[in-house]
Amino acid sequence: MFCPQCGASTADGTPFCSNCGRSLAPSPYPAQPGLPGPMQGQVPGGYPPAPHVENYLVFAILATVLCCLPAGVVAIVYASQVNSKAQSGDMAGAQEASKNAKLWCWISLGSGLAVGVIWGILAALGALNNLH
Amino acid sequence: MIHLGKLDSRKPDSRKNLLLSVMLAAGAAAVVALTVFDPATSGVFPPCPLRYLTGWYCPGCGSLRALHQLLHGNLRAAWALNPMAVVLLPFLTYGMASHALVAIWGKPLPRIYLPAVWIRVLCGVIILFGIARNIPALDLLAPRVLHP
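Protein chains in written order, with the working numbering: chain Y, 1 to 132; chain V, 1 to 148.
Here chain Y stands alone, though its shape is the one from the complex:
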């Protein structure tokens, strides 16, 4: 059979997955592909992709360096929470942190763009003043 968590192949009857240590005892979530449960929609063949929750770290760093430092740092902190919660198996918490990381990336980008627009207006006004 295949481990429902990491997809590793394990001998039938083994109580725990030799790869990730998950209990392989019968559970309300059947591991066989094709049966209803959390494995629905996964790739056929019994190898589900490793659980991955987007943490937006790349955008959080870009936002910190290029847009708005404080909001970007908040996004980086949420990005680290995504990974720490996913590591401890708290997928709901990781999804929640992922949402917040995304939100703060947008807040940072928005404030960066706002500064850019204000700068553009000021520069245009300054250019007009210099004409007189």
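Hints were generated in silico from the structure; no laboratory data involved. Positions of the beta carbon are idealized from the N, C-alpha and C atoms, including for glycine. Keep in mind that the hints are not guaranteed to be accurate.
Stated by the list, open to error - Here are the simulated DSS-like cross-link-like pairs (lysine-lysine), alpha carbons at most 27 Å apart as the crow flies: (1) V/K107 - Y/K99; (2) V/K107 - V/K16; (3) Y/K85 - Y/K99; (4) V/K16 - Y/K99; (5) Y/K85 - V/K107.
Claimed, not checked - Here's a subset of chain V near chain Y, in silico, CB distances under 7 Å, partners left out: (6) P49; (7) G60; (8) G95; (9) A97.
To be verified - Some chain V residues well away from chain Y (every beta-carbon gap over 12 Å; in silico): (10) A25; (11) A28; (12) T35; (13) L71; (14) T93; (15) I135; (16) P136; (17) D139.
Following the hints, complete the assembly by docking chain V onto the known chain Y.
Okay, now just chain V, sitting in the frame of chain Y:
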């Protein structure tokens, strides 16, 4: 941005595609603008608000000028302006390319997985770098303009 699995399933694909097109176009426009205009002299790019209001350097100060220098192949000049940006750039580029590929072909590049501790260390490094470049003894880290 695009790869969200469950969270994004609410959004229609056309909205995703529009967002993707806008972001790719904005990225391309930014690269062209950064190649043509030097942020050090042109006035096209806004100054860092922190620097403008307080006179302090932030961790990102000099990164646009550094990108301009890199686009012209001047690694040394870029390094003098913002060494952290030069170090981070390959990883950020890889990450952005991966995100773009997910949106275009549905498959990312092999993921570089960072344990949560490393992300916190990175966050600390960015903040400490920002503080350090304001300390006179460490002004080697502040944006320096090399005159060739």
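Which of the numbered hints above does this structure break?
9 and 14
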